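Position one of the sequence shown corresponds to residue 153 (the numbering used here), numbered consecutively onward.
If you're looking for bench data, these hints aren't it; they were derived computationally from the structure.
This structure is a prediction, so every number in the text was calculated from the model and none was measured.
Hints are supplied without guarantee of correctness; some may be wrong.
To be verified - Here are the simulated DSBU-like pairs of lysine-lysine, each with C-alpha atoms no more than 35 Å apart in a straight line:
#	residue 1	residue 2
1	Lys226	Lys246
2	Lys181	Lys293
3	Lys261	Lys308
4	Lys277	Lys181
Claimed, not checked - Quick list of simulated restraints, FRET-style, between CB atoms:
#	residue 1	residue 2	range
5	Glu259	Asn223	24 to 32 Å
6	Ser254	Lys216	32 to 40 Å
7	Val205	Asn303	15 to 23 Å
8	Ile260	Glu282	21 to 29 Å
9	Glu259	Glu282	16 to 24 Å
10	Phe266	Phe227	37 to 45 Å
11	Phe266	Asn223	41 to 49 Å
12	Phe266	Ala286	37 to 45 Å
All C-beta atoms, glycine included, are put in the ideal place defined by N, C-alpha and C.
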Amino acid sequence: MKKIPIYLPDHEVNFGIGKLLFLLLVLSKSTKKEGIFTLDRIAQFEFISKHPVLLNRLLDDKDKSFLALTNAEKFSIEAIFPNRGQLFDFTRIKLLLNLLLSFGFIEIKTNEDFQFLYIINEKGKNKAEELETAYFKRLEKVLIQMKPLLNMSHSKINSIIQYYI
Numbered sequence: 153m154k155k156i157p158i159y160l161p162d163h164e165v166n167f168g169i170g171k172l173l174f175l176l177l178v179l180s181k182s183t184k185k186e187g188i189f190t191l192d193r194i195a196q197f198e199f200i201s202k203h204p205v206l207l208n209r210l211l212d213d214k215d216k217s218f219l220a221l222t223n224a225e226k227f228s229i230e231a232i233f234p235n236r237g238q239l240f241d242f243t244r245i246k247l248l249l250n251l252l253l254s255f256g257f258i259e260i261k262t263n264e265d266f267q268f269l270y271i272i273n274e275k276g277k278n279k280a281e282e283l284e285t286a287y288f289k290r291l292e293k294v295l296i297q298m299k300p301l302l303n304m305s306h307s308k309i310n311s312i313i314q315y316y317i
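Construct the complete structure from the given sequences, taking the supplied hints into account.
Here it is in structure tokens:
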């Protein structure tokens, strides 16, 4: 039996940088507070953006309208068997955030609880707005649907995620 090669684009650095930059751009527009994105919150929202079926379950919990899903989003291996370890393994996210920081696309501030907050700056916004492929147009639709989740606490979202996966 011949093995079929599998390519995981999530492990591509440039792709990951683009996704995080785009996530910070789209979700930062919807909040009046600057700096709501801690490392664990970024990892959580990145995980949800990769699992639109889970997003619809979270939206159902908030009585919000659902995202229309494609067959690939509903029936892919990753959709059926999500890897919950990605919620708690911050190594890849830290690497990507460090790269965004080194390129000058984001800034880091601390809040009153001494947590690091990651904030997209003008240079980052300009770069993120250049991302115009079909993938990023679809990602924008997913991220816009995620805006009601910004008002939910990290622990509340995690408890709902854990229930469904």
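Honestly, which of those hints from before does the structure not fit?
5
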